[in-house]
Amino acid sequence: MPSPYRAIFAAPGSTAFSVAGFIGRMPLSMMGIGIVTMISQVTGRYGLAGALSATLALSAAALGPRISRLVDRHGQRAVLRPATLISLTAAAGLLLCVKFGAPDWTLFVFTAFVGTVPSLGAMTRARWAALYHGDAQRLHTAYSWESIVDEICFIFGPIISIGLSTTWFPEAGPLLAGAFLAAGVFWLTSQRATEPVPHPRETHSGGSALRSPGLQVLALAFVATGAVFGSVDVVTVAFSEEQGHKSAASLVLAVYALGSCLAGAVFGLLRVKGDPAVRWLVGVGAMAVSMIPLLLAGNLPLLAVALFVAGLSIAPTMVTTMALVEAHVPRTKLTEGMTWTGTGLAIGVALGSSAAGWVVDASGAESGYVVPVLSGALAVAVALLGHRRLRRPAPTREGQLDQVDDAAGAEHQGGGQHVA
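Take 1 as the starting number for the sequence shown in my numbering and just add one per residue.
Don't read these hints as lab results, they were simulated from the structure.
Please read these numbers as outputs of a predicted model, since none were measured by experiment.
It is possible that some hints are incorrect.
Unchecked claim - Pair by pair, the computed Cβ-Cβ distance ranges are:
id	residue 1	residue 2	range
1	Arg211	Phe169	44 to 52 Å
2	Ala136	Ala381	25 to 33 Å
3	Ala7	Asp361	44 to 52 Å
4	Val309	Gln243	13 to 21 Å
5	Lys273	Gly298	36 to 44 Å
Quick reminder that beta carbons are idealized off the backbone N, C-alpha and C, glycines included.
Could you build the full structure based on these sequences and the hints that come with them?
Printed below as a string of structure tokens:
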């Protein structure tokens, strides 16, 4: 492992919580595409499959920030375990309904409750932020590492989920996703020494983290970005089926994630300079432009090449986004702030996957790639209009709490020996 990455894992417990976060994040890439594959296998209806995937994303978008706000106040262990149990129970109900042919409305009800799944990416990033608060270079490397982990999930998750659902039985992909979620969350929350210090209600002021103008821009741009991701997933599955190789969709999507993973690995080794807001704007523009070649890909090999190139801009943009969130959100609301970007992505995934599903049903898979192209253009428009808000972090009334947080964090880390 290159030395900058080795350096961040010098902190005790960092390897364990990162691995736990990786396991618990696998459902992020498996559940939505698993539902699409499962429903299309059982019913052949991509419109229904896209609508259920959208329901899952919207549910996660609505509940995620509230769960993270509770985490900021009460701690990860106290909140994540019950939230995960609700999600797993709902996932079991969904699979049973599909297995026994229950009415469509029951699928939507259970899918909505699956959305209580916690944002494990925000939880692990919050642990890194607590470990390396004030060390910009190590945080840059840590956030790059977490983006690499995200992309590893998206390389292998769809392969596993689609592969199991198409070769074993339709419910197999979502079933394994639930197992990963349970293992990851319960292992992560058993690690108390690196858990960020909770901030009781009395230390919070100013309402939601989303009141930050900078965070509003990031979250809104990520709605459009999420529409890119959601539509690419759905259309790629449909395009692969039209080409007579539906199971190959997992490999094509893995190539997309591989491009991002490699770019993120290199980006983490760099000593970045200059205005992060400018880097972010360039990254959003690159993601949008990279969608255009998808319209010209007439076969799976060309599509894989186009998606690999498109993936190169994803991880660097995500890493820069996390740095901007930390600059624009008070530390007492950092987990919530990071979750809001994920919420924007989830809403976008919902809109993009739903729109793509209907376009595929109406006009065919190749026409479906119009959806990510238009979504990318919308992301650029939002970034250009809101870019000025990101140039300078807005002052917060909670900045004076940082010294208290540091002292409490030192006491919390020193008390790590009581971990169960």
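Worksheet item: Which numbered hints are broken by the structure, listed smallest first?
Response: As far as the earlier hints go, not one is violated by this structure.
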